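Numbering-wise (my numbering), the sequence shown opens with residue 3 and increments by one.
You may find that some hints are simply not true.
Below, simulated DMTMM-like cross-link-like pairs (lysine to aspartate or glutamate); rule was C-alpha separation at most 25 Å, straight line [stated by the list, open to error]:
{"no.": "1", "residue 1": "Lys43", "residue 2": "Glu223"}
{"no.": "2", "residue 1": "Lys233", "residue 2": "Glu223"}
{"no.": "3", "residue 1": "Lys233", "residue 2": "Asp190"}
{"no.": "4", "residue 1": "Lys108", "residue 2": "Glu14"}
Hints listed in this document are in silico derivations from the structure and should not be mistaken for laboratory results.
Computed from a prediction, not measured in an experiment: that's the story for all the values here.
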Amino acid sequence: MARTRILVVEDEEDIAELIQFTLNRDGFACDHVADGARALKAIEDLRPDLVLLDLMLPGSDGNTICRELRSNPDLARIPVIMLTARGQEGDMIRGLEHGADDYITKPFSPRLLCARIRAVMRRRGAVEPPVGEEPPRVIRRGPIEIYPGKHQLRLNGEVVELTYTEFQLLHLLAGRPGWVFTRYQIVDAVRGEGYPVTERAVDVQVVGLRRKLGDAALYIETVRGVGYRFKESDN
3 MARTRILVVE DEEDIAELIQ FTLNRDGFAC DHVADGARAL KAIEDLRPDL
53 VLLDLMLPGS DGNTICRELR SNPDLARIPV IMLTARGQEG DMIRGLEHGA
103 DDYITKPFSP RLLCARIRAV MRRRGAVEPP VGEEPPRVIR RGPIEIYPGK
153 HQLRLNGEVV ELTYTEFQLL HLLAGRPGWV FTRYQIVDAV RGEGYPVTER
203 AVDVQVVGLR RKLGDAALYI ETVRGVGYRF KESDN
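Using the sequences and the hints given, assemble the complete structure.
Right, dumping it as structure tokens:
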């Protein structure tokens, strides 16, 4: 079985070496580039299973790379974990707004790094049915069609690219129309119990999802002071 391939985009040599040592020890295959200018080409050439992307890079910063990655239909589904020395909420939110699936603040423990990688990869595997099993049912709500087995959203018949987190959020809400999910329930369902969260971080994901849904954004309703729900009518 092929090992999960991870591309590390990190310009600090000591941190890059630590990450590569940790990933190789834990059974991952690892490639490395040291600057933002080469990152997109490396992603396109290698097609890694996941990208560990430093925020502050020479050539092009992590947010710019992530935004360009999400705008490329061939690369948009590759999950990204942002690495940043900036632990402020605003910096983390900006990373999520640009399409990061997760973030880790420096300094971080090797165990935490591997746990976060495996959590992201589990979320990807959760939408891919094992061989021999029936694929998950398609969810249809008005112009929205959700294909869990393909990790795909179609809007009025057209494919719309979502990040892993955006897809899981939409799948969660649309799976139970009318049910109100608190922000913490959303995080537990999408990222796993015990994940550190702020209300603003969940709201950022909803804003990004609504933007991609266009006119269909009205299906995601805000319940003031509680959380979010998917519109119950128009099944």
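Verification of the hints:
{"no.": "1", "hint": "Lys43 / Glu223", "result": "violated (39 Å)"}
{"no.": "2", "hint": "Lys233 / Glu223", "result": "holds (6 Å)"}
{"no.": "3", "hint": "Lys233 / Asp190", "result": "holds (21 Å)"}
{"no.": "4", "hint": "Lys108 / Glu14", "result": "holds (12 Å)"}
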